[in-house]
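One letter stands for each residue in the lines below.
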Amino acid sequence: MNSHPDSPLVFQATNLAKHYDAHVALAGVTLSLGHGGIVGLIGRNGAGKSTLLNVMAGLTLPTSGECYTLGTRTDLLDSPELTRLGFVMQEPRFVEWMTVELHLEFTASFYPSWDRDLQGRLVAMLDVPVKRRLGELSTGDRQKVAILLGMCHRPALLLLDEPMSSLDPIARSRMLELLLELMGDDECTVVISSHLLNDIEKVANRIIALDAGRVVLDEGYDELLESYAEWVVTAKDGQSLSPFTEPCILRQQTSGRIARLTVCLADAPEVESFATAHNVLVQTRPLNLEEIYALLLRGQEVVA
Amino acid sequence: MPPLLVINSHNGVPAYRQIMDQIKLQIDSGVLMVGDEMASTRALAAELQLNPMTVSKAYALLERDGVLERRRGQTLVVRQRSTHEVDESRLTHLRQRLREAADMASQLGVSRTEAMRLFREMLNPPKS
Amino acid sequence: MTWRLYLKFLRPLRSLIAVTLYALMAWALAEMWWRDSRGEAVLPTLVVALPLIGGLFAAGAAHEPMHQRFAMLLPGLRRSMQAKTTIIVIIMTVAVTWLTFRLWPEIPVGASFGLIVAAMAAPCLGQHRHPGNKWELLLLVLLWALTVGIGGTRLSAAMNTVPWLWLVSGVGAAGAFFALGFSTEVCRLRAGTRFLAPQTMFFNLSIMRDLILERQMAAKQKTSRCDEMWRIAQARRRRVTTWDWVAAMRFGQVGNARQIPMWKAMLRMVLACIVGLAVILFIGGKVQGGPNISILFIVIYYNGLMQMGQIASPMVFPVSRSRLASLVFWRQLELMVFILCLPLLAIAATSWGVYAVAGVGKWFITPQSIMGVGLLSAPFFPLLMACGALLRKSHRVTSALIVGLGTIMLVSAHSFLQSWVLSVPGVLTLGSLTTLGLILLRWQLSVWWGRVDLSDPTTYSSASPRRILMETVGNRGATLLN
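Chains as they are written, first to last, in this note's numbering: chain B, 211 to 514; chain P, 31 to 158; chain F, -15 to 466.
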């Protein structure tokens, strides 16, 4: 409804860097996002997720490097692109004296593709208090209004910065339903930055992880899950296990005759050959996003 | 109609794989019969609360594996497979479970004969 | 809460300077009313205005920690603040009473003590319901105005008749004010609302960064015609122009798309001009010309600078950066015109009004002077706004320029430049300087908005001369004084 792919990529960054005086917020970021899909942007506090989203939306200009959003350089973004862009900020900014209703009307007037039916549905779904002034709302309600303002014009690129952290679980699940619906109807690209990994793992099909301003991971979610596993190794012959030296083993904890190995499956041998070679029994277990996150971002020893 | 699948998004197994495995199991155990129409990508995605791209990936792979086929251009139906294919598929499900059982037998030091006797008992429960 | 911490809130040196300045202004205004006899104006100032202002600052020091969410959790804060404020008030009261006694020995000490202590305790009640609630302040100002109207002679006569009544009711009132102002219910209300401490308002701009306060104030704001639904969607039939966006910006700020001036800001300015006039009369006597012009210039110049900020909506509009720059430019131009014209008109009207009512000298500020000052000020607004954007990294240079230029003009305004300003070459030069300034401003705005970080809400006012002045001069001054 609102996307006409005149350029194949919704976002493209080459060697992006952003410095705030001495603080390096982003460094050497190279990314490209195509149409469609939900990208989960994960990382620790201060990793640069909000900065990246701000740069994508053209609000913050990079110190060096190039980036293009919806086919245009981010400092030249104009109404044709901005009306196809939606940004739900972490600390939303509104015209505080307006009531929610009035503010929706006000914002709607700037977007020719504003969908009033969707607005009505969202207001009902998320339980938004429309008659109250924005200055009086709680944090959760403000976030709901921010979501409304970012989504109702059916953007081609929707950026969400921690949109659900203040929502109650019911509102969160409705919000996820909504994102998926948006995905289904239009060729919308969604980038969602969140600490709530449970929510991201339900919807994302691509994961980008930032650490200290750098991209440490940029992969499809399914591929990511399938590249790591945990092997629980027990000695067959009752002997104590000595540390394993295979390079695919990223982490190991050994205690007598049992060991837990975190393995990178790309370089790993077949389970059977490993078991035979070391005369052990191996039980495999897949790792979920939270565990992989901890693996990637807690220490510097692993890079995808 | 959408098959009743249960997807656990938290256990580390990719959703598309869970969909594929469960559909294959349903087909092999007769819950889904040859010629049955599969739910559309959008409907299944909405029912399971998943990204539509995940569902379409699962469907595409099932099609590639010859489990589903496309009829009349749009709808996916369960494909008629050769007896050999069907048998292989059925045994694959069982093979996975038996491997776990075999590993456990080995770990517990249960002898081969004991293990076989136990399995036979499981298959033919005695009438009490 | 130890005395050391309390004094940190009180900021004694800064408060002393502020109280003196405000008291002098109150005196000047009273003088403007009682033009002939000095005594009439001094007594109300000393026994009502000075204590009110002093009390405001003393109470402000206590209120600042109490207007925090966690205030009710701190054990003993309320009692401690009550005790300390009472002590400070009593000390100040004694000082002012002694001064009154020295100047008017015929007024019984008890009576003046009573009146002064009541006036000083009154601000303890203030502003506990809403931030920026002007009504309580207005009430106090009206009471003071009433006292000024009554005049020193009648007041001292009244105090002489029943001095014990004055003492008893004054002390009683003060006691009631303290009790009420620091009662648990009121303190609970205080903890829920933010507060503008008079000490902080005097110099620094931390209040401008207080987004929570802004939100609270916005939630209480009354807007005219709030039900007027903004529709730019009609514009689908025609192209959307910059003017539509300016109107949208206006609507976002004022609540009315067609309302060009910001009435509250204008009112504040007019009031400031009246105060300025009073100071003019006070300092310059009733003499025409002379330092009057310079002071008039200061009023226009600095008042104008203070009112202007980078006007842009904190809400992010979906417009390109270049368009945003042009929007800000037109909005500022609107404001500059009104900022320049309105005070001049107000001063002209007041000047004529004072003549009509009080019969003081024909036009103590001539229309020519007013026009001259207006013309002289015109180039500086755009030039300084442009400097603000251009030199945003070197705020010191900009503040030096602002203060320096002001001083130069101040010194030369009433001298030979007077005749030159209103002549043809003068008008042409000033006109072209203004145009140059506007062009420079337009260019600098596009550079500034082309590069600035739109996600930071403080961006929207950071290049204004007001902010620059406050941040450099103000904060430096503040650190020096405390």
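Honestly, I wouldn't trust all of these hints.
Unchecked claim - Pair by pair, the computed Cβ-Cβ distance ranges are: (1) F:Leu121 / B:Leu406: 43 to 53 Å; (2) B:Asp477 / P:Asp117: 28 to 38 Å; (3) B:Asp327 / P:Gly103: 45 to 55 Å; (4) B:Asp477 / P:Val64: 40 to 50 Å; (5) B:His229 / F:Leu317: 53 to 63 Å.
As the list claims (entries may be wrong) - Computed footprint of chain F on chain B; a stretch qualifies when at least three of its residues, placed anywhere within it, have a C-beta under 8 Å from a C-beta of chain F: (6) 268 to 281; (7) 397 to 410.
Just so you know, the hints here were simulated from the structure itself, not pulled from any lab data. No residue lacks a Cβ here, since even glycine has one placed at the ideal position from N, Cα and C.
Annotated coverage of the stretch 397 to 410 of chain B by chain F, confirmed only when three residues or more have a Cβ within 8 Å: The restraint on the stretch 397 to 410 of chain B is violated, since only 0 of its residues have a Cβ under 8 Å from chain F and three are required.
Cβ contact check, 8 Å cutoff: the stretch 268 to 281 of chain B against chain F, three residues minimum: holds (count 4)
Satisfaction of the hinted span 43 to 53 Å by the C-beta atoms belonging to Leu121 (chain F) and Leu406 (chain B): 47 Å, holds
His229 (chain B) versus Leu317 (chain F) beta-carbon gap, inside 53 to 63 Å or not: 35 Å, violated
Beta-carbon spacing of Asp477 (chain B) to Asp117 (chain P) - inside the hinted bounds 28 to 38 Å or not: 35 Å, holds
Whether the CB-CB distance between Asp327 (chain B) and Gly103 (chain P) falls inside 45 to 55 Å: The hint (45 to 55 Å, Cβ to Cβ) is violated, given that Asp327 (chain B) and Gly103 (chain P) are roughly 31 Å apart.
Supplied distance hint 40 to 50 Å, evaluated on CB atoms of Asp477 (chain B) and Val64 (chain P): 41 Å, holds
The structure fails to meet hints 3, 5 and 7 from the earlier list, while all remaining hints are met.
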